[in-house]
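> FYI, in our numbering the residues of the sequence shown are 731 to 1022.
Don't take each hint at face value.
Computed list of lysine-lysine pairs in DSBU-like fashion (alpha-carbon distance at most 35 Å, straight line) [claimed, not checked]: (1) K801 with K821; (2) K771 with K801; (3) K821 with K771.
It should be emphasised that the hints constitute simulated quantities derived from the structure, not laboratory data.
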Amino acid sequence: MPRRAVGLFQADRSLMIHRVGYALLSRLPALAPGPLSHYEKRLLASTPSRDDCRPVFIIGCPRSGTTLLYKLMTEAFRFGHFTNLSVLYRKYPILGQQLQARYMKRERSREYSFQYGYVSGRWGPHEGSDFWHRWFPAPPGSYVGPGELADEELQDMRRTVAGMSLAADSDMLFKSVYNTVRIAALTEAFPRARFVVVDRDPVDVALSLYRMRATVAPDRRQWVSVRPPEIPVESEHDPATEVASQVYYLQRRLAQETNLLGGDRCQVVSYRSLCEDPRGVLRRLGVAYGVA
């Protein structure tokens, strides 16, 4: 057989094996939850609760450009993060990072097709918002203030993320707009956590959120995305007022809480700058946080 044909055969065989392996990995959480849970507990028990854990959190209003920054940072820097594969292991996150660290080297997503926080592709970065529900409440009420989590919960959160970092051999990068109303609790769990706030013109954010209501909800009266604690779940107003209030209170809360962090732990990225000069934004973040 000619050398070129042999090379093509080996490449096709490798691709086939990789696709079969991916299919098996994507189905494993549903097929073997018991063994996976047992293994995850062993991994967690062997991980120390480290105060020096340094995750990075991308936060901001919904529709402000957080997904774009998340995608760019996962491409430019070495971070552990959720992908469309590892998020299937949200109940076994340390194992998920182990598998991802091993198999993601073979294939990376270069797609920039976004749909309200979802990035397509096998290895597209995923928000993994459900991962945080083991410590934080699920929507509609997502706010957690300072001192609300017990020490045991904070230690469990810290140990879990530390285990994920060890498995990924890098700091973890998380992006969830719901964490925008959990900054105080996150800093309690991770004293050395770092934050990146994506800032966009509030009018543009509100218009995009208003359009989002018509796209993902049966009608514009249904609430979408993160709810600031200043707006009770039971309150009802016209959609335009709700969207305007949502943006106003989220941006006010971001300004108040991130000001307490200081410039060494919090970087602000404008959406306009991100679109006009993405390399410059990434260069600044890389220098600020010492990542490459």
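> Starting from the hint list further up, note which numbers the structure goes against and sort them upward.
Checked against the structure, no hint fails, so every one of them is satisfied.
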